[in-house]
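First to last, the sequence lines map onto chains A and B. Here our numbering is used: the first residue of the first sequence is 23, the next is one more, and so on. Here our numbering is used: the first residue of the second sequence is 673, the next is one more, and so on.
Treat the hints with caution; some may be incorrect.
Here are the simulated DSS-like cross-link-like pairs (lysine-lysine), alpha carbons at most 30 Å apart as the crow flies [stated by the list, open to error]:
1. B:Lys738 - A:Lys205
2. A:Lys69 - B:Lys738
3. A:Lys250 - B:Lys701
4. A:Lys232 - A:Lys250
5. B:Lys779 - A:Lys250
6. A:Lys232 - B:Lys774
7. A:Lys253 - B:Lys779
8. A:Lys104 - B:Lys774
9. A:Lys249 - B:Lys774
10. A:Lys345 - A:Lys232
11. B:Lys779 - A:Lys198
12. B:Lys779 - A:Lys228
13. A:Lys232 - B:Lys779
14. B:Lys701 - A:Lys253
15. A:Lys394 - A:Lys482
16. A:Lys250 - B:Lys774
17. B:Lys774 - A:Lys198
18. A:Lys438 - A:Lys394
19. A:Lys431 - A:Lys482
20. A:Lys250 - A:Lys104
21. B:Lys743 - A:Lys69
22. A:Lys253 - B:Lys774
23. B:Lys743 - A:Lys205
24. A:Lys249 - B:Lys701
25. B:Lys779 - A:Lys249
26. B:Lys701 - B:Lys779
27. B:Lys774 - A:Lys228
Some residues of chain A that are not near chain B, with every Cβ distance over 10 Å (derived) [to be verified]:
28. Ser28
29. Gly50
30. Ile119
31. Met138
32. Ala190
33. Asp251
34. Ala335
35. Ala403
36. Lys431
37. Lys438
38. Asp452
39. Gln524
40. Arg562
Just so you know, these hints were derived from the structure itself, not from any lab. Keep in mind that this is a model prediction, so the values were computed, not measured. Note that beta-carbon positions come from the ideal geometry of N, C-alpha and C, so glycine has one too.
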Amino acid sequence: MKFIFSYLKKYRKLVVTVMIIKFSATLGELMLPYVLEHLIDNIVPQKEVSLIFLWGAVMVLLAVAVRQANVKANRLSVRVAKESTFEIRRDLFWKSINLSGNQLDEFGLPSLNSRMTSDSYNLQSFIQSFQSLGIRAPIMLLGGIFITLTMDTGLAFILCIIAPILIAAVVFVSMKGIPLYDKVQQSMDEIVRIMRENIGGIRVVKALSKENYEMHRFGGANDQMVKKDVKAGIVMALPGPITTFVLNMGLTIVVIVGAIRVNNGTTKPGVILAFLTYFNMILMGVMALNRVFMLMSKANASANRIAAVVSTADELLPISQEKAAVTDREEYIIFDHVNFSYGRSGEDASAEKFDGKERQKCLEDIHFSMNKGGSLGILGATGCGKTTIINLLMRFYDADEGNIFIDGKDVRTYNKDELHRLFGVVFQNDVIFADTLEENISFGRNVSAEGIRRAAADAKAQEFIEGYEDTYSHRAAVHGANLSGGQRQRVLIARALAAAPQILILDDSSSALDYKTDAALRKAIREHYADTTTIIVAQRISSIMSLDDIIVLDEGKIIGHGTHEELMHTCEMYQEIYQMQMGEER
Amino acid sequence: MAARDTIRKKPKDTKGTLRRLLFYVGQYKWILALVFVLCFTSNILALLGPSLAGSAINEAAAGAGKVNFDKVFYYTKRMFICYVLSSLITISINIVMMYISKWIAGKCGKMSLIN
Numbered sequence: 023m024k025f026i027f028s029y030l031k032k033y034r035k036l037v038v039t040v041m042i043i044k045f046s047a048t049l050g051e052l053m054l055p056y057v058l059e060h061l062i063d064n065i066v067p068q069k070e071v072s073l074i075f076l077w078g079a080v081m082v083l084l085a086v087a088v089r090q091a092n093v094k095a096n097r098l099s100v101r102v103a104k105e106s107t108f109e110i111r112r113d114l115f116w117k118s119i120n121l122s123g124n125q126l127d128e129f130g131l132p133s134l135n136s137r138m139t140s141d142s143y144n145l146q147s148f149i150q151s152f153q154s155l156g157i158r159a160p161i162m163l164l165g166g167i168f169i170t171l172t173m174d175t176g177l178a179f180i181l182c183i184i185a186p187i188l189i190a191a192v193v194f195v196s197m198k199g200i201p202l203y204d205k206v207q208q209s210m211d212e213i214v215r216i217m218r219e220n221i222g223g224i225r226v227v228k229a230l231s232k233e234n235y236e237m238h239r240f241g242g243a244n245d246q247m248v249k250k251d252v253k254a255g256i257v258m259a260l261p262g263p264i265t266t267f268v269l270n271m272g273l274t275i276v277v278i279v280g281a282i283r284v285n286n287g288t289t290k291p292g293v294i295l296a297f298l299t300y301f302n303m304i305l306m307g308v309m310a311l312n313r314v315f316m317l318m319s320k321a322n323a324s325a326n327r328i329a330a331v332v333s334t335a336d337e338l339l340p341i342s343q344e345k346a347a348v349t350d351r352e353e354y355i356i357f358d359h360v361n362f363s364y365g366r367s368g369e370d371a372s373a374e375k376f377d378g379k380e381r382q383k384c385l386e387d388i389h390f391s392m393n394k395g396g397s398l399g400i401l402g403a404t405g406c407g408k409t410t411i412i413n414l415l416m417r418f419y420d421a422d423e424g425n426i427f428i429d430g431k432d433v434r435t436y437n438k439d440e441l442h443r444l445f446g447v448v449f450q451n452d453v454i455f456a457d458t459l460e461e462n463i464s465f466g467r468n469v470s471a472e473g474i475r476r477a478a479a480d481a482k483a484q485e486f487i488e489g490y491e492d493t494y495s496h497r498a499a500v501h502g503a504n505l506s507g508g509q510r511q512r513v514l515i516a517r518a519l520a521a522a523p524q525i526l527i528l529d530d531s532s533s534a535l536d537y538k539t540d541a542a543l544r545k546a547i548r549e550h551y552a553d554t555t556t557i558i559v560a561q562r563i564s565s566i567m568s569l570d571d572i573i574v575l576d577e578g579k580i581i582g583h584g585t586h587e588e589l590m591h592t593c594e595m596y597q598e599i600y601q602m603q604m605g606e607e608r
Numbered sequence: 673m674a675a676r677d678t679i680r681k682k683p684k685d686t687k688g689t690l691r692r693l694l695f696y697v698g699q700y701k702w703i704l705a706l707v708f709v710l711c712f713t714s715n716i717l718a719l720l721g722p723s724l725a726g727s728a729i730n731e732a733a734a735g736a737g738k739v740n741f742d743k744v745f746y747y748t749k750r751m752f753i754c755y756v757l758s759s760l761i762t763i764s765i766n767i768v769m770m771y772i773s774k775w776i777a778g779k780c781g782k783m784s785l786i787n
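If we strip away everything but chain B, and leave its shape as in the complex, we get (with noise of 0.2 Å):
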């Protein structure tokens, strides 16, 4: 049985589809921005870590004896700082676009509907 409709035919429009697209996330567009400005900081501060971890290594290459704890503790302090708000960013984001991209497949699934 020859091709039955198996003529895959090409997306049409995908400039208007993706028009299209950008006008159902642009309805969340302050939401998004937010969420993109906290995945950027989530991001920097995960960045952070390590940075302030070379810093306290470094400190603690000094060598027997050497070692200047005060400083040790003082990049510590702040690598902690760093990953806990890292994270507790990173499971809101998770949430936040994972409530938002079901909303935006439904409400495409609701066009279609009415369409």
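The shape of chain A in the complex, shown without the other chains (with noise of 0.2 Å):
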């Protein structure tokens, strides 16, 4: 709640203005039936018809009144509720981009993406009717049981006793309630998490004829949250009909002890006909609470799995200088004898995940260096840790052990922008969006036309962009689903090459390009790119072959470094790999 209430704050004005407009207007309603009753027992009996006349204007006047007032209230707290939501999105989302590699896994991509989206609309119902109903309700309830008793205490006794058996009973159920949102926020994650998995694998799971599998997996996580929303929606659909009944028996009660009072002359007709009215508004005040609890209890849940991914304190900012590493040599990169494993290690370390065992390195005493304009194949198996090095290199998580220099400094010391804009990387599992291809290649850095066009030049996409008929205006579908995987693969080593980058990493990026234009694009790269640092991770020897230098990775391990004549003779899994791509022995 106290974080709904931070975001609220800068609109108190508001906020206050719509509660007050509320809280009059309430009032104005609660006057009605006080009003009747004085036209029944009070102005009828008088037989003048021209007096009914004026009030009966006067209840009508007020009856405007009071719609008005409620129609303005209604639309400022919306625009509140709006506004405040607006912004808790945006922030959201900005800490969600900057996450550290390490809090991206522990939070999971289906969750964040359920907190954007079905968690923040909590957050906008409920800041949208805890600012009308949140008022109206209680001022009803109240105000209409300070009238009644007013108006004649004997009959306001039972309206007194009825009253907090109602309440209790609304407290109850909402008090069952809110557990069991949470419950059904969570099923909705894994919902999220399996149709995120099928819709984006989609080819896949048709190719493998596993879509009745994938139903059934669906259906399972469905019929959770089904099962978990229902059970809450049953709990929190009871207290309606059963606080009608409650009030309407106790209406019952009045007429009767209104006629026997009628009977014995301590009561006027009209006031039974006034407490009916203010049982009716008692009990809409009682069903509006059930409902503000209601969306209180969601709203709650929902800012909490909001609030922890906002409050989580930023990761991987850059170092002082005293904290950090420093190196008197002079080549360009550096990793000096570097180990990492995946998951927090040290005091963090989810110690329950491993089961007591000793964890599995992911990269063990990694040490190699880079020369300003050199380049560097990586070659392994999969799952060796040859994207690993690159996230460490771009500081998406931070060494275990050991350091790693970029030109001199410690990678830690760098501004992440600072850091991440020395950089023209294609990852593995890169991301066309949307947009238009100059769009994709320039990415937001304001890439001249020409720069554009050179990059594509280069990354050999020139020939196909300008074959489209609004070339580089061409709009690529969501991951880029109208290109095919070489297409795809070649504006993404574009958007690597356009902006001059110094250090070009290009991590398995031509897996879908054929041999002739794999040997064309790294001609370019040598020509064009002579200055750029270049590492090239890859899993054809073809690719890195020419490459200044080589280090082969096994199982997180170096087990071969040099250029590709001395790994012939020194390194056997490279001759293996060598032979069984290139089939023959050399």
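Fit the two chains together into the complex; they arrive one by one in their own frames, and the hints show the way.
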């Protein structure tokens, strides 16, 4: 709740205004039955028609004023809800895209997804309703009770017995409802995750004829959520009708007791009528209160989830010079005896996850260096840690032991944007966004049209892009679905080349390119980007054979390091891979 | 970064979508018909309540010493029955509608997976 209110502080004047208007409007509404009672008991007996019209007009005017005030207040409350939720979503999004690698792994993408969508929607509903219903409901309740007490204490006494019972019932049910809604949101996460997987991998699912299996899985998760949602819904749906019933019973008793009292001469008939209306108002008040509680419990669960992300401490901030490591070596990129495992290490280590066993190191004693303008190839089987080296170099994670230097400085001392601007990267799992090809290449860096063309030419993408009618303004679909795999990769390479990076990283980015294109691409890089320090991660020996330096990785350790000729003599695995791929003994 | 797919595409084929939705809803048409009838009944009963109350009050308004309690009880008994029935029906409707709407939403989700 505190989280929500911190965002509302900015709008407190508006919120207070809304509450004041609502307060007055509700008071007006409460006066209506009172005026009616006065009309029936005091005016009608006077048998003056004009007076009846006068008081009737008073009631009409009062009703109109109340309506206008309510509409105005509701409009304002919607505005406050919309604007404050906009800010919450914006902050959540900003935080989400700035999370460190570890934090992202811990939260998980589907969870972040549903926090941005359904959780923020719950907040919006609540902010809107608590300003309007949140004022109206208690006032109707309390005001109704107060006025009925002053009108006729005897009859009001009945109400005083019923009201606490009602409130207790509502509160009790709501308390049961809050934890249930939390479970519903968790099930939502599961569903979003499965949907996302299936929609993203729909071609794989179809190719392997796993549609039924996936349907089953989704069905399972869906049923889970439905069950929880229904359970929560039933619990929260009971108060309404039960409240109505109890109140109506009270009404019936009022009629009976009222008849008795009229008979005794202690009360006038108009009072009974007014009481009926007040009972209804109190009923509405209790039901509205129930609804606010419901929204509040949902919003509370959602606010906690959003706050968990937004209030996460920033990780991987630049460290001070005193804490940084120093080196007097002159190479441009240096990995100095680096060890790393995913999941946190040290005190933060999630020990339960590893069942007390020794945690396998993802990277062990990685030690190499590159000069400026040099080129490095990283070769190895799937899952041996090639991409992890890149992740550490770009500081998506911090190494557990050892240090990484770029241009003589500890990589951790760089400001994040400053560091990332050095790089041009094609990731192993990269994304083409639903935007023009031009924008996909420029990617918000305001690259000139000439720069884009040059990058596309070097990436061997110029030909197919300029083959489109709208050339560079051609729009790519989500995930580049309207481009072939090779076209996608070439656009991504163009993106990496476009801003003339200091360090070029190509992580398995020629996998979809044919041999000829791959060779032409490497030639272009050699010729036009000679000063760029290049790291190519590949599974094809042909891609890295001609590079200055090659590292062979196996299960996180360097088992071979040198030029192609040296490795052919010293590294058994390299020889094996060469024979397998090139098909002959050299 | 200009309009990255923020070009809001108007939902194409609203009639078709509506037809599709009605198709899903239509699978429960008998239950829904029942619910409709129950809802109708519940509302009628809820309206009868105040109407009977009005008649009861009329009797009560006869004035000091002149109230016909037989008639008053006649009406209040009927009020009681109306309220009991109305509440029971409403609870049942709420629960049934909740199941149906969740099932339909779930089916829509599953349908979108197949397609």
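I'd like to know which numbered hints this structure contradicts. Please list them from smallest to largest.
1, 10, 19, 23 and 33
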